[in-house]
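Peer 1: Residues per chain are reported as follows:
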Amino acid sequence: MSDLKKQIIAQLNLQDVKPEDIGDDQPLFVHGLGLDSIDALELIVLLQQQYKIKLSNAEEGPKVFSSVRTMAEYITAHQAKNA
Amino acid sequence: MNGEKYITSACIISNQVVYKNEKPVFKNKDTGVADFLVSAYHHFEIKYPKFYKMDNLSKLGWLAAELLLKDSFQPGKYKAEDVGIVLANANSSLDTDIKYYETAKDIASPALFVYTLPNIVIGEIAIRHHFKGENAFFILEAFDAGFIEQYVSNLLNNNILQSCICGWVELLDDTYKTVLFLVEKQDTGNARLFTKENINKIYQSENG
Amino acid sequence: MSQPVFVAGIGTISAIGKNVAESLDALENGRAGMASMRYFDSLHRDRLPVAEVKLSNDDLSKLAGLPATKSRTALLSMVAAREALNDAGIENIASLRTGFISANSVGGMDKTEKFFAEFLADNRKGRLRDVVHHECGAVTELVADKLCIKEYITTISTACSSSANAIFFGARLIKNNILDVVVAGGTDALTKFTLNGFNTLMILDEQFCQPFDENRRGLNLGEGAGYVVLVSEKVAATLKKKPSVRLSGYCNANDAYHQTASSPDGTGSFLAMSGALKKAGLQPADINYINLHGTGTQNNDIAEGTAIKRLFGPSYPKMSSTKAFTGHTLGASGGIEAVFSVLALKHGIIFPNLRLQTPMKELPFVPEIEFIKNATVNHVLSNSFGFGGNCSSLIFSKV
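Chains W, E and C supply the protein sequences, listed in that same order.
Each step along the first sequence adds one to the number in numbering that gives the first Met the number 0, with nothing skipped, and position 25 is 24.
Each step along the second sequence adds one to the number in numbering that gives the first Met the number 0, with nothing skipped, and position 13 is 12.
Each step along the third sequence adds one to the number in numbering that gives the first Met the number 0, with nothing skipped, and position 293 is 292.
Excised from the complex, chain W in its bound form:
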């Protein structure tokens, strides 16, 4: 998860945020990190570029990107599928 946090920070240009600042279960959107709809799309790009996972249904987004933990769980589940 700490790698994932670094990737999120890089992908979303969150220059002032350090990986330690992001809680594993902290909400990423609205409250917490306060990300917006474009950030959500960039996270979809991140999944594809770094983990070769395609999230083609935008409606899955809110669940998958709810927190770093839910993202990590999704990645683990789908990488197993792809392997």
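Careful, some of the hints might be misleading.
To be verified - Heads up, simulated BS3-like pairs for lysine-lysine below, C-alpha to C-alpha not over 27 Å straight-line:
no., chain 1, residue 1, chain 2, residue 2
1, E, 76, C, 308
2, E, 104, W, 51
3, C, 277, E, 78
4, E, 46, W, 5
5, E, 184, C, 174
6, W, 51, E, 98
7, C, 278, E, 184
8, W, 53, E, 98
9, W, 53, E, 184
10, W, 62, C, 241
11, E, 78, C, 308
12, W, 17, E, 46
13, W, 5, E, 49
14, E, 78, C, 360
Bear in mind the hints are in silico, worked out from the structure with no lab data behind them.
Given the coordinates of chain W, assemble chains E and C onto it according to the supplied hints.
Peer 2: Frame of chain W, contents of chains E and C only:
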């Protein structure tokens, strides 16, 4: 009806220097444009994390607007719909267009695509300061003081706006220049008249 | 200072027709322009419908009278601008102060993409001449030159509100006695740049779009051009064909919310529409038809719908989104929809909002689903809302 209009503040960012009312207020000669803009952002202790997401053109225009208004503009003085933004440049959003296109070779970046329109600079300034008045972005061959004076004067004379942020925001690769003016209907003390001559004088001032 | 501005001529080309007559026929007969990609080449060919102008670059160039090496954006602009000027039939135009205010979002990008691909593969290849007209302003200059308009030429680039902004800027130039005649509007051609960009924003519909439908999925990209010829009262009086429509109101405002999304309560839209009404000296009840921006995205339609609810409720005019016919033509949309608004006034017609099956739950009104003839149409409001929060509304009225 056609009262006087005044340039109550001016900000120039060019050649690694930031000028407020023609006085240099920050300099950082040893960096490329992206790092320069971020170093200026840090120097003025601005807290606006969304700054980092902007493309270089928006960073440039947004920063200039921020410094233009700092200590020179009272929030709440005008209604949101009475303040507008009129900007122009020659290269539109070409700098970001090219960067976006690079990403499209692999996976297109939505965050970059957002900035492939020059008027997003206006959007960023409007979001920051809650300005909801008329706004326009023109593509001109070169800086045109007469055009700006005529267009903005018309807006203020006809009470379409009571105040306007206007000027030039240009950036392509490492070449950039922004000159912004805050135009109001009252003289706030050290204001200059909003005339073609004064606009040109200020535009050229950093060359001196 | 407040002299009226008349519409002396109109011209348009889009997926539904290469001129006004063809477009009107398509609008009357419910013939939408979206389909699988035919002329345009993209990886998304099998997945994304688009609303193309049904002409290859070669055929378009013949129609425009410009070489096929010129950007498609310029070719489209030429066809529509010339139709508008011919429609206006201003005999002594050479002696009048004439301007060309054109908008586009993509410039000569179509040629640049082709150049870029060749250049990337081998940097000795690719015709540099192809990219000479990449820049938005260059497209405008090219067409102005061909139309022999020299006095005043400028380009506005504010995303989807661009050509609406061009139109009211033109009106201002006439009202301030700087020009006598202005050809104003916009143009945009389909490019991979835009298609891929909108695709990454995930707002494209894989089916034919359904604006203002509860289950709408997004927009279909289109291409085209639309121009109006605006004239002063003095010039209008000299014309054989007396103008029957004038531009009576307009307003632009910034939503100040997000770079690409609209605020949920449609603040920018509300300000633009109410400002246009104020400018025209009209009440909401005076509007007979609203040509909606209606792109078919989740976000736009609810924001625009909410603003309309706030401004017009409880009694609503007839309304529809013609993007269900033409797709979203980006920089050209304000211009094309201005032409449609003028047609509504001239012929007393209301266009249907195609493919509307389930009305939006949150809205207390439903757009028209049938084409209406013999309607009372005295005032039409046309909305164009662009990225960057740039919101514009135009009002056209019967003279």
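Peer 1: Does each hint hold? Answer for all of them.
Peer 2: Against the structure, the hints:
1. 76/E / 308/C: With a Cα-Cα distance of about 30 Å, the restraint between residue 76/E and residue 308/C is violated, given a limit of 27 Å.
2. 104/E / 51/W: holds, 16 Å
3. 277/C / 78/E: Holds - the C-alpha atoms of residue 78/E and residue 277/C are around 17 Å apart, at most 27 Å.
4. 46/E / 5/W: holds, 21 Å
5. 184/E / 174/C: With Cα atoms ~23 Å apart, residue 184/E and residue 174/C stay inside 27 Å; holds.
6. 51/W / 98/E: holds, 22 Å
7. 278/C / 184/E: holds, 22 Å
8. 53/W / 98/E: With Cα atoms ~23 Å apart, residue 53/W and residue 98/E stay inside 27 Å; holds.
9. 53/W / 184/E: It is violated: about 55 Å lies between the C-alpha atoms, which goes past 27 Å.
10. 62/W / 241/C: violated, 61 Å
11. 78/E / 308/C: Distance ~23 Å between residue 78/E and residue 308/C Cα, so the pair holds.
12. 17/W / 46/E: holds, 16 Å
13. 5/W / 49/E: Cα-Cα ~18 Å, so holds.
14. 78/E / 360/C: violated, 33 Å
When the structure is compared with the earlier hints, violations turn up for hints 1, 9, 10 and 14 and for no others.
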